[in-house]
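Chains as they are written, first to last, in this note's numbering: chain R, 35 to 376; chain H, 35 to 376; chain A, 35 to 376; chain P, 35 to 376.
Simulated from the structure, these hints should not be mistaken for lab results. Note that the structure is a prediction, hence the values are computed from the model and not measured. One should not assume that every hint holds.
Derived pair list, reagent style DSSO-like, types lysine-lysine, alpha-carbon separation capped at 27 Å [unchecked claim]:
{"no.": "1", "chain 1": "P", "residue 1": "237", "chain 2": "A", "residue 2": "233"}
{"no.": "2", "chain 1": "R", "residue 1": "186", "chain 2": "R", "residue 2": "157"}
{"no.": "3", "chain 1": "H", "residue 1": "233", "chain 2": "R", "residue 2": "237"}
{"no.": "4", "chain 1": "R", "residue 1": "362", "chain 2": "P", "residue 2": "157"}
{"no.": "5", "chain 1": "P", "residue 1": "233", "chain 2": "A", "residue 2": "233"}
{"no.": "6", "chain 1": "A", "residue 1": "233", "chain 2": "P", "residue 2": "186"}
{"no.": "7", "chain 1": "H", "residue 1": "157", "chain 2": "R", "residue 2": "233"}
{"no.": "8", "chain 1": "A", "residue 1": "157", "chain 2": "A", "residue 2": "362"}
{"no.": "9", "chain 1": "H", "residue 1": "237", "chain 2": "R", "residue 2": "233"}
{"no.": "10", "chain 1": "P", "residue 1": "157", "chain 2": "P", "residue 2": "186"}
{"no.": "11", "chain 1": "A", "residue 1": "186", "chain 2": "A", "residue 2": "157"}
{"no.": "12", "chain 1": "R", "residue 1": "233", "chain 2": "H", "residue 2": "233"}
{"no.": "13", "chain 1": "P", "residue 1": "233", "chain 2": "A", "residue 2": "186"}
{"no.": "14", "chain 1": "R", "residue 1": "186", "chain 2": "H", "residue 2": "233"}
Residues from chain R shown here face chain A by an in silico Cβ test under 8 Å; the list is partial [stated by the list, open to error]:
{"no.": "15", "residue": "154"}
{"no.": "16", "residue": "278"}
{"no.": "17", "residue": "279"}
Anything over 12 Å on all C-beta distances counts as not near chain H; from chain P, calculated [claimed, not checked]:
{"no.": "18", "residue": "48"}
{"no.": "19", "residue": "65"}
{"no.": "20", "residue": "98"}
{"no.": "21", "residue": "121"}
{"no.": "22", "residue": "215"}
{"no.": "23", "residue": "233"}
{"no.": "24", "residue": "280"}
{"no.": "25", "residue": "316"}
{"no.": "26", "residue": "356"}
We treat Cβ as the ideally placed atom computed from N, Cα and C, and that holds for glycine.
There are 4 protein chains.
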Amino acid sequence: MLVVMQSHATEEQVRAVCDRIESLGLRAHPIPGSNRTAIGITGNSGAIDIGSLEAMSGVVECIPVSKPYKLVSRDAKEENTVVRIPTPAGEVCIGGAALAIIAGPCAVENREQAMAVAQCVKKAGAHLFRGGAYKPRTSPYSFQGLGEPGLKILAEVRERFGLGIVTEAIDNESLDLVEEYADVIQIGARNMQNFSLLKRAGKASKPVLLKRGMSATLDEFLMAAEYILSEGNYQLILCERGVRTFSEHTRNTLDLSIIPAVQSRSHLPILVDPSHGTGRRSKVLPLSRAAIAVGADGLIVEVHHDPDRALSDGAQSIIPEELEELMKEVRQIASVVHRTLN
Amino acid sequence: MLVVMQSHATEEQVRAVCDRIESLGLRAHPIPGSNRTAIGITGNSGAIDIGSLEAMSGVVECIPVSKPYKLVSRDAKEENTVVRIPTPAGEVCIGGAALAIIAGPCAVENREQAMAVAQCVKKAGAHLFRGGAYKPRTSPYSFQGLGEPGLKILAEVRERFGLGIVTEAIDNESLDLVEEYADVIQIGARNMQNFSLLKRAGKASKPVLLKRGMSATLDEFLMAAEYILSEGNYQLILCERGVRTFSEHTRNTLDLSIIPAVQSRSHLPILVDPSHGTGRRSKVLPLSRAAIAVGADGLIVEVHHDPDRALSDGAQSIIPEELEELMKEVRQIASVVHRTLN
Amino acid sequence: MLVVMQSHATEEQVRAVCDRIESLGLRAHPIPGSNRTAIGITGNSGAIDIGSLEAMSGVVECIPVSKPYKLVSRDAKEENTVVRIPTPAGEVCIGGAALAIIAGPCAVENREQAMAVAQCVKKAGAHLFRGGAYKPRTSPYSFQGLGEPGLKILAEVRERFGLGIVTEAIDNESLDLVEEYADVIQIGARNMQNFSLLKRAGKASKPVLLKRGMSATLDEFLMAAEYILSEGNYQLILCERGVRTFSEHTRNTLDLSIIPAVQSRSHLPILVDPSHGTGRRSKVLPLSRAAIAVGADGLIVEVHHDPDRALSDGAQSIIPEELEELMKEVRQIASVVHRTLN
Amino acid sequence: MLVVMQSHATEEQVRAVCDRIESLGLRAHPIPGSNRTAIGITGNSGAIDIGSLEAMSGVVECIPVSKPYKLVSRDAKEENTVVRIPTPAGEVCIGGAALAIIAGPCAVENREQAMAVAQCVKKAGAHLFRGGAYKPRTSPYSFQGLGEPGLKILAEVRERFGLGIVTEAIDNESLDLVEEYADVIQIGARNMQNFSLLKRAGKASKPVLLKRGMSATLDEFLMAAEYILSEGNYQLILCERGVRTFSEHTRNTLDLSIIPAVQSRSHLPILVDPSHGTGRRSKVLPLSRAAIAVGADGLIVEVHHDPDRALSDGAQSIIPEELEELMKEVRQIASVVHRTLN
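Could you put together the complete structure from these sequences and hints?
And the structure:
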C-alpha cells in the first residue's frame, strides 16, 4: 500500500500519517520525491482500512500495490534514485547523469599490490576502488581474503588516493567491519538470497551494492533489494554480473537486457560487472562498451597490475593500460546515450 | 594429501602422524575406515614434504589428491558414511541399507498444525520430522517462520511422538538455536554457498543436511560439503532438490542423475526432495519412486493435513493419505534395489 | 474445437458431421474412443459457428479447446493411445500395460556389427531394434551413417531376428526410405521443430517416435506432436532424452518429471532414452530403473558389443551383459508400478 | 588439415595441389587471402600423408588443424570475410567497415502490408529487407506464411524499393524457391542443426544468414557454419538471436559476449537480432546500441507499421519511427567503434 501525499503537504501532515500507520502496528516508509511524498506501508499481512488514511489532511489517495515489491518500485518513487557516496576527493554519485566506474583487484593480497593497483585506478580516472578483504570461495582451501588487515589496507588506499572504497561483506561479523572501514558495502551474488545478511545491510549506515544471483530472476533480484529498503536503507545500487546458462564460451552469460528491464520497474541505479560477467580479459572491453550503450549507470571492473600472479580471478582482470582504454571508450559511448563521465 | 595407514596401525601411530602434520602448521583429519585409517591433510597452500611422513611407522603411503575436494571424496574414505541420528524412538541411520524418510510441513505454523501433521507422519511410519522455524522467503513480506517458539513446538513434537527433528538454520544465530533444539541442522539451497554458515555448521555437534543450490554444479555441491567436513563435522547428508532450468512444467527440474554421480565420487549419503524438486503435489509420488529406484538413501517430503490453507508451499505438499501410499510404494521399490524400509 | 458425439451415434452421423465441417473449409479428425467418438476440428483461424454443428443428430456438445494443442490432448481422447507395431515375431504394443524396450547400437556401422548387436538384443529379450542409418552429427566430418545400405542391413536384422526396426529419418528423402524399410520412424531431438519433416511424418503410414528437443518446453513438445497428428498420423510415441542445462556431470539433464506431466495432458505414450539422457554408460541402469518407476511406457537404449570401438556414442552405450541386467531390474520395478515386461 | 601456399604461389601451383588432394579421394577448399592462399582439406577420416603435399612447389607448410571446425576458422583465413550482396540499389557488404541493417516485418502478410513496411524501411535508410514467406511456427494452427506468393511480393519490394531481400527457407523445397527470388537465404534458429538443410544451403548460389540455435554452444554454432562452407558456399553471415535460459523478463537471453568470441575464432561476419533476442519492443533500441558497441557487423530487426495487428511477433516489432531513431543511435555508436553506417 502506498499513501500519496499532496504536493504541498506539510511535514506535520506526513508525520501524522506515519504515526497513524505505526499505531496500526504497521511500518511507514516516507519516500520524498521532487513533486510529492509517498508513504509506503509494510508489515501488513492482510487488507488495510484505507478509509481512515484517505480521510487525513494532506493525503491525495491510497494505492494498493499489487507487485510483490513495493519500495523498490517506480510506483513508490517515480524519479531515479541517486546514491551519493562521500569520498575524500568529493562526492561520487551513482544513478545521475554521470557514470560511475569502480575498479580494483579481485582481492586485496597485500599492501604493495593494493597500492600499485590503486595508483593505476586513480591515474585512469576511475571513481571508486574495489577489492575484497573477505572472499567467498568455492573451495575451503582457496585464499579466503585477508580479513580486517585487508580492510585496513583499503582504508589506507582511501586516505592516500582519495578513492572511496567498495568491498564485500559475507556475514554479519564482516559487515560490521566493512561498514566501519568502507564507503559502499557489497553483497555478492552467492549471498543475494542470504536474507539474514540483507536485513543487516538494510540497517547499515552506508550505501549497499547488491549483485544479482547466478540464477536469480528479475523478480527475485528486486525482492532481494526490497529486503534492504524495507529495513530502512534506501541507498542501494544494483549490479548485473552474468547468469549461469549452458553457454560455455564465457564463465557466465552477461544478461544486458536486465538493465532496461530494471529501469522500467525500479528507481534504483544499476551497474554492470563485465569481469565476472564474462570471466575473460579479452571480453571486458567490448562488454563494457555494450553495458554503457544499453544504459547502465556505470561499471565495476577487476584490474590488476600483474594478473598472471593474482591470487584470484587473474583470468578476468584487465591490466592498467586496458583500464585507461576502457575509460576512453566508455566516455565516447556515454555521450551517445546522454551521459557523462567525469 | 591423504596419508594411508596400515590396517593394523595402532592408535598411537595414527596420533603421532596427526601430531607431525599439525606441527607443520597443517590440519589433520583422521578418517577411520573398516580396513584402515586414512588421514586427510588440509591447510596446505603448496606442496608438502611427503618423505618425512611416509617414513613414519604405520604409514603405507601418501597420496596427493588432485580433486578439489578431499575429505568428501571416496579416495579419503572408501566405504559409505552412515549418519547416525539418536531419537527418542531409537537411532535413525542415513546411508546404510535402510532408507530414511523425513516428512513434515514446510513451516511450523502453530502448535496445533505441527501436532496434527506429526501424528500423520508418525502413523505413516516416517523416521524423522521436518518443519521450518526459520523460513528463507523471496519476499520480505512473506511469513518468515515462528523462530524460537517454532523450535519449541518442534521439541514438543520430538517428545510426544519420538520423532527426530530436522529443521533449517539460516544464519549463525539461528544455527545456535537449531543445534540446541533439533537433531539434524538443515542448510537450504539458497545458503549452499553461504560459506560463513557452512563453516559454523562444520563446528556443530549435530548432523547436517545440505541441500544442493539452485544452479550448483556437482563440484560446487561437493566443495560446499567439503567446507563442513574440513571444520571437523563428518556427519553430513546431501540432498538433491531440483535445479533451475528453462523448463516450466515443474517449479524446478529434479536432477536424479546426480545421485549415482555423487555416489561414485563421495562416501556421503544423499537424499532427494521431490516436493521442492517438482513443486507439484501430483508429481511427488512418481518422483519419489524414481528417486529410490535411482539409488537415493531416502526422501525428504512436505506433508500437510490441510495444504490449501498452508502458510507456505501448499501447492507442493502431499496429504497424509498420499504419504501412506508413498511409504507403501517406496517399500516395494526398495526391495528391488536391495534396500529396506523399516 | 471438439465435437463430442453420443455414445450410440452411428457411423453415418459421424460422417455427416465430418462432411459439414469440411464443407466449412475446415478439417475433421474423428477420434474413436471406447465410449464415444469425438471429432477434432482444425484449420479454423477464428471462431466457428457452433450452433449449426450442435444441432446435428448424434451430437452431444461442442467444446471450445483453449489449449494450444488439441488432438494430442486428453480432452480429445480420454483413454491412453496404444501404438501397435507389427513385427515378424508378433505385434509390439507401446502405451498399454506391457513395457516396451528398444535397444541397439547408435549407428549401423556394418553388417557384422549390426548382426552381433542384434543377437544380444534378441537374447536379452528386448522388443525392437534401434540403429541409425542416417546420423545427424554436429560435425560435417563425423561419420554420417551408411544411408540406404544401412537400412538394408536393418531389414536383414528384422528378417533374421524377428525384431521390429526403429530408425531415424533426417529429411524428406530419408523419411521416404525409412518408411519403406523400418517399422517405426524416429524424429530426433534436433529435428523436433523441423516442421516440414513433422508434416511429412504426419502423412507416413508407419508409427513415429518423436524425441523431445534439447531445450523444448512441454508445450512445444506437445505442439510438435500436434503437427504429426494434425496431418492424420495418430500412431505417435513421445520420448524424453534429456535437456540442456548448466549441469555438467551428465551430457544432458534427464527430466523425468515430464513423464507424469505428459501423461496428465496427453493420451500419447512416452518412452525414456537414458543413453542420450545421461551420456554415461554407468548412469544408464540407475536412470532406466527410475524411468520405469516414474511411469514411462518403456525405454530406448544404446547397446554395443564393443563400445570402445563404436563409431559414435560409445561412451554412453552399455554392453550386452548390462542390457540383460537392465531387463531384469526393469521387470522388477515394472511389477511395482502395475506394468509388465514380456 | 590446411596447406599454406607461398605468398607468390601461382594459380597453377594452387590448382596442382588441389588436384593432388582430390586424387587422394579428399576434397580441396582453396581459400584466397590477401597475403597467401590456404587450401583446406576435408573428407579425411584419418591421417593424411603430409610429406607428398609439402614437397609440392609453392607449398610453405601443412598444418594439422585440431579444432573441430576448419574452414570457418581464422586458421584457415586470417582476414575478415566480407559477404557481398548485389541489390538493385548497389552492392551491400556485410563484414567490412560499414554496418548493415536488415529490417522488415516478421512475416509477409499481404502486398499492402509489405509495401507499407518497405517504404518505411527504405525511408529510414536500412540496407536490406527481411520478411518471412515460410514461417516455422510452434503450432500447426498458427499462420504459416504465404509461401511462393509471399516470395513474389518480396520480389516486388526488391524491384520497387531497390532493397535486397533476406527471407527464410525451412526445407529443401522452399530453399529452391528462396534461392530464386531472394538475395540472402536465411536459416532459422530451429533449423541450425537441420544438417540436410545446411548441406543444401552449402550448395546454393546466394549468401546464407545462419541464426544461432536456441541452446547452441559456440562450437555447435561454428560447426553448423562449417557444414555450409564444406559444401562450397563461403558467403555466410552468422547471427546471434538470444538463447534459452531460466530468465523470464525477456523472451530469450541475448548473449552479446558471443560476438567477440566468434570474431576471435572465425573470419565470418556476425549480426545481432535484438527483436527475437528480447521479444519486447521496448528493449530493441537499447540492445541494438549494445550490439553495435560490442562489435557486431550489423542488425536484423523486425519492424511493422501496425504491430498490434501483426499476424506474428507483433510484441517485438518496432514501429517505423523507432527504426529511424535506431538508425540515428546506431550511427553514433558506430563511430565510437570505428565503423560507419551508410
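Going down the list of hints, with the structure as the test:
1. P/237 <-> A/233: holds (25 Å)
2. R/186 <-> R/157: holds (22 Å)
3. H/233 <-> R/237: Distance ~25 Å between residue 233 of chain H and residue 237 of chain R Cα, so the pair holds.
4. R/362 <-> P/157: Not satisfied, since the Cα-Cα distance of roughly 34 Å exceeds 27 Å.
5. P/233 <-> A/233: OK: residue 233 of chain P and residue 233 of chain A at ~21 Å, within 27 Å.
6. A/233 <-> P/186: Distance ~24 Å between residue 233 of chain A and residue 186 of chain P Cα, so the pair holds.
7. H/157 <-> R/233: Not satisfied, since the Cα-Cα distance of roughly 40 Å exceeds 27 Å.
8. A/157 <-> A/362: The hint holds at about 13 Å.
9. H/237 <-> R/233: holds (25 Å)
10. P/157 <-> P/186: holds (22 Å)
11. A/186 <-> A/157: holds (22 Å)
12. R/233 <-> H/233: holds (21 Å)
13. P/233 <-> A/186: Judged against 27 Å, a Cα distance of about 24 Å means the pair holds.
14. R/186 <-> H/233: holds (24 Å)
15. 154: violated (35 Å)
16. 278: holds (5 Å)
17. 279: holds (6 Å)
18. 48: holds (48 Å)
19. 65: Holds, since 38 Å exceeds 12 Å.
20. 98: holds (30 Å)
21. 121: holds (38 Å)
22. 215: holds (36 Å)
23. 233: holds (29 Å)
24. 280: violated (5 Å)
25. 316: Holds, because the least Cβ-Cβ distance between residue 316 of chain P and chain H comes to about 23 Å, which exceeds 12 Å.
26. 356: holds (29 Å)
When the structure is compared with the earlier hints, violations turn up for hints 4, 7, 15, 24 and for no others.
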